[in-house]
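Visitor: Place chain C with the ligands on chain D using the hints.
Chain residues, written in single-letter form:
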Amino acid sequence: MANAESNYYIPHGSHWPFVGSIAVFSLMVGFSNYLNGASWGTYIMAFGLLVLLVMLFGWFGAVIKESESGNYNKQVDVSFRWGMVWFIFSEIMFFAAFFGALFYVRVYSLPWLGGEASGAATNSYLWPGFEALWPLTANGPGEIGGEFKAMAWNGLPLVNTIILLTSGVTLTWAHHALKANHRGQLIIGLALTVLLGAIFMALQGFEYYEAYNHLGLTLGSGVYGSTFFMLTGFHGMHVTIGAIILFVILIRCIRGHFNPEHHFGFEAAAWYWHFVDVVWLGLFIFVYIM
Amino acid sequence: MSTTTADEHHDDHHPSGIMRWITTTNHKDIGTLYLWFSFIMFFIGGFMALIIRTELFEPGMQFVDPQFFNSMTTMHAIVMIFGVVMPAFTGLANWLIPLMIGATDMALPRMNNWSFWILPFAFAMMLSTLFMDGGGPAGGWTLYPPLVLQTGDAFPFVIFAIHFMGMSSIMGAINVVATILNMRAPGMTLMKMPLFVWTWLITAYLLIAVMPVLAGGVTMLLTDKFFETSFFNAAGGGDPVLFQHIFWFFGHPEVYILILPSFGVISSIIPTFARKPLFGYSSMVYATASIAFLSFIVWAHHMFTVGMPLAGELFFMLATMLIAVPTGVKVFNWVCTMWRGAMTFETPMLFAIAFIILFTIGGFSGLMLAITPADFQYHDTYFVVAHFHYVLVPGSIFAIIAAVYYWLPKWTGHMYSEFWGKTHFWLSTIFVNITFFPMHFVGLAGMPRRIPDYALQFSDYNQIATIGAFGFGFAQIIFLGLVIATIRGGVKATDRVWEGAEGLEWTLSSPPPYHSFTTPPNVKGEWNWFTHQHYETVKTRS
Ligand code: HEM
Ligand SMILES: [Cu+2]
Numbered sequence: 001m002a003n004a005e006s007n008y009y010i011p012h013g014s015h016w017p018f019v020g021s022i023a024v025f026s027l028m029v030g031f032s033n034y035l036n037g038a039s040w041g042t043y044i045m046a047f048g049l050l051v052l053l054v055m056l057f058g059w060f061g062a063v064i065k066e067s068e069s070g071n072y073n074k075q076v077d078v079s080f081r082w083g084m085v086w087f088i089f090s091e092i093m094f095f096a097a098f099f100g101a102l103f104y105v106r107v108y109s110l111p112w113l114g115g116e117a118s119g120a121a122t123n124s125y126l127w128p129g130f131e132a133l134w135p136l137t138a139n140g141p142g143e144i145g146g147e148f149k150a151m152a153w154n155g156l157p158l159v160n161t162i163i164l165l166t167s168g169v170t171l172t173w174a175h176h177a178l179k180a181n182h183r184g185q186l187i188i189g190l191a192l193t194v195l196l197g198a199i200f201m202a203l204q205g206f207e208y209y210e211a212y213n214h215l216g217l218t219l220g221s222g223v224y225g226s227t228f229f230m231l232t233g234f235h236g237m238h239v240t241i242g243a244i245i246l247f248v249i250l251i252r253c254i255r256g257h258f259n260p261e262h263h264f265g266f267e268a269a270a271w272y273w274h275f276v277d278v279v280w281l282g283l284f285i286f287v288y289i290m
Numbered sequence: 001m002s003t004t005t006a007d008e009h010h011d012d013h014h015p016s017g018i019m020r021w022i023t024t025t026n027h028k029d030i031g032t033l034y035l036w037f038s039f040i041m042f043f044i045g046g047f048m049a050l051i052i053r054t055e056l057f058e059p060g061m062q063f064v065d066p067q068f069f070n071s072m073t074t075m076h077a078i079v080m081i082f083g084v085v086m087p088a089f090t091g092l093a094n095w096l097i098p099l100m101i102g103a104t105d106m107a108l109p110r111m112n113n114w115s116f117w118i119l120p121f122a123f124a125m126m127l128s129t130l131f132m133d134g135g136g137p138a139g140g141w142t143l144y145p146p147l148v149l150q151t152g153d154a155f156p157f158v159i160f161a162i163h164f165m166g167m168s169s170i171m172g173a174i175n176v177v178a179t180i181l182n183m184r185a186p187g188m189t190l191m192k193m194p195l196f197v198w199t200w201l202i203t204a205y206l207l208i209a210v211m212p213v214l215a216g217g218v219t220m221l222l223t224d225k226f227f228e229t230s231f232f233n234a235a236g237g238g239d240p241v242l243f244q245h246i247f248w249f250f251g252h253p254e255v256y257i258l259i260l261p262s263f264g265v266i267s268s269i270i271p272t273f274a275r276k277p278l279f280g281y282s283s284m285v286y287a288t289a290s291i292a293f294l295s296f297i298v299w300a301h302h303m304f305t306v307g308m309p310l311a312g313e314l315f316f317m318l319a320t321m322l323i324a325v326p327t328g329v330k331v332f333n334w335v336c337t338m339w340r341g342a343m344t345f346e347t348p349m350l351f352a353i354a355f356i357i358l359f360t361i362g363g364f365s366g367l368m369l370a371i372t373p374a375d376f377q378y379h380d381t382y383f384v385v386a387h388f389h390y391v392l393v394p395g396s397i398f399a400i401i402a403a404v405y406y407w408l409p410k411w412t413g414h415m416y417s418e419f420w421g422k423t424h425f426w427l428s429t430i431f432v433n434i435t436f437f438p439m440h441f442v443g444l445a446g447m448p449r450r451i452p453d454y455a456l457q458f459s460d461y462n463q464i465a466t467i468g469a470f471g472f473g474f475a476q477i478i479f480l481g482l483v484i485a486t487i488r489g490g491v492k493a494t495d496r497v498w499e500g501a502e503g504l505e506w507t508l509s510s511p512p513p514y515h516s517f518t519t520p521p522n523v524k525g526e527w528n529w530f531t532h533q534h535y536e537t538v539k540t541r542s
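Protein chains in written order, with our numbering: chain D, 1 to 290; chain C, 1 to 542.
No lab work stands behind these hints, which were simulated from the structure alone.
Incorrect hints may appear among the rest.
[As the list claims (entries may be wrong)] As a list, the in silico DSS-like pairs of lysine-lysine whose alpha-carbon atoms are at most 30 Å apart:
hint: 1; chain 1: C; residue 1: K422; chain 2: C; residue 2: K492
hint: 2; chain 1: C; residue 1: K225; chain 2: D; residue 2: K149
hint: 3; chain 1: C; residue 1: K422; chain 2: C; residue 2: K276
hint: 4; chain 1: C; residue 1: K492; chain 2: C; residue 2: K276
hint: 5; chain 1: C; residue 1: K192; chain 2: D; residue 2: K74
hint: 6; chain 1: D; residue 1: K179; chain 2: D; residue 2: K74
[Stated by the list, open to error] Chain D side only, calculated, beta carbon under 10 Å to chain C, not exhaustive:
hint: 7; residue: V29
hint: 8; residue: L110
hint: 9; residue: I241
Beta carbons: idealized from backbone N, C-alpha and C, even for Gly.
With the rest of the complex left out, here is chain D (with noise of 0.2 Å):
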């Protein structure tokens, strides 16, 4: 409720999101120039990356203040919501790309490099002999990257889906704590969650050193290391995202922020959370298992 007057609440001007775009600007001019061979393009990069840290504290901070004076409205909180829902769609977008360009190779471009259908003449005249399988022959037929091993679903991954299944059910709980107002087992749960998210990347980070260092599997591997190192490492980034956000949750939570009613960061974070469990999962069945 902002005041007698109106009962609508608007934020005072910032500053904040003209200094992101130099933020961004800036790690993507600097990513250029390193791309185009120039190495000082790292220290733009560098330069950007701090200003984006500042910029993420000042204005994440500034909305956190506001938020913690009581200053939001029920209205805020839904505009919020709704603003939090549309961002993880275009993320579930932004995967089903690349799960799209998954299923086009499994299910039309490597069989007819193989022959299938209106593959034929390709096949005989470009690369006879090339027979289509996955994943053993998924470098392609110019058996780009080597021979590599594929990763198999029941090592690691098996354990890493497990944990992150775990880390959901302990963010739950959590939340059942914050709803209930125990603030010991809304911490420990949280606490868990992030120590649970932090095993997850460590784990995968190791299933990397093992795929370059004794299977062979590097993201040069053809389309398989494509397919499988774009996937899991998009997902590994929005993990590491995740467990940063519930970081950050965890101090407030420490500091004494939010209260049963009203707790909307929590949450936001707990729904991104869950998206990139469920997107484990499909990556877990599709790029390990099938």
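Guide: Same frame as chain D, but now just chain C with the ligands:
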């Protein structure tokens, strides 16, 4: 609550000068920024078009080298789509949606600021590539691999600029959805919303659904070029055609992103000047929703010639033709709205009528292109260029211009000059046809698109097109002058501005107060588009 009151005061004493615009969270300020950005980009993109048309005035190579020519066609498209039409619509959304639904502002005002302030940075990055080693991107705005992977230093900048624009669009769209779903005044039910609001709600949904897919696709281009992936490399098991699928899964909904808000604009203007309620309000809503749904399952009509399985060709042909049905419903409804209306022809109405006729021509050529065997002939010819320019220039751009004439008195508090408005209209309408109509003929005769040179027999029509293009370009200078003149002064506009205007925005003063509705108006009664009852707005508190 003392803190909040401080905030309110903050708003009243917003910073002045450049800082006002950089830090603003006000929907009108941000709308204005979007519209000016779009206007500036319109002249930049237009300048590029004139370079293209100059080179094409005669066969043979005259003024520019082929590489630069190709980067002009690529950049012209990117600027016009991402820099002109999309920001203009977002600007209109910012200005109008809160006014139309009786809100004080957008739902997420700071994010609103960021969506805008990304654009100048993204386009600085995009345009700077023209001066890099290897020139700007020259493989077409569709960015097909493997050709686009030959781009020089510009390549990563182009990819990241697209990511950046995508962030802006997604944030802008999220804001629109949150605003419409959460900020409506009491009594403003979904089926009472003006169609501009409806069409934008659906457009925003499309944006959130497909911009991330484009981001994913261009990310794969980036990793294919720099990180050894094989998404689009057949030797690695991938397929260049995969990129086309990803691109057009974004691309076809994108063309509806470029037209749906225009439908909303036209649906506002026609009833006002026909002095009749919109014919078939609810069928308009359902038609818009059907178009949006269908737009997700027609993308491969851009790829009929890549060698898809027959079942695919058939499916995409039939699905595409299906879109003509809801589109036809819209055109039918607009015509029926005018039927036996008490019409007057002020400038916005003229542009709206031209929109209906000329957009429909573009829809018809679209239907021709949708016929797979026919498209085998038309694909990548000037016929396609004629098609999309008919839907985009006298379509999207005319609707944006109509919207500006229609709401400019509301925004500025001054009436524009009807004389210069009509002059602008007639010059634009005549020249747009001189420019684009002949392209149908050269296209059917076999002139390919995206080339700097052509066979002798195409000369006449190309010369006509070039003359038209210059005429159209110069006519827009009248528009610029008119807008500036109207902002600076003129006859005072009334609150309602147009005798037949309906909707909440007309209940506010012209120009409206800095914060639109500080208390939600009460949209009472059984008002709807059929019974044509006026809004009764009651200030719940003074
Ligand atoms: C009845 C409605 C429509 C139909 C049936 C239709 C059909 C088509 C088809 C089949 C093509 C591909 C032609 C080819 O490349 O061989 C095409 C291209 C195109 N259409 Fe449409 N279209 C329609 C409406 C629109 C609208 C409303 C817009 C935008 C406002 C639009 C913008 C475009 C653009 C930009 C291209 C060319 C893309 C490129 O290759 O660069 N179309 N259309
Ligand atoms: Cu299309």
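Visitor: If any of the earlier hints don't hold here, list their numbers in rising order.
Guide: Number 9 - this is the single hint that the structure violates.
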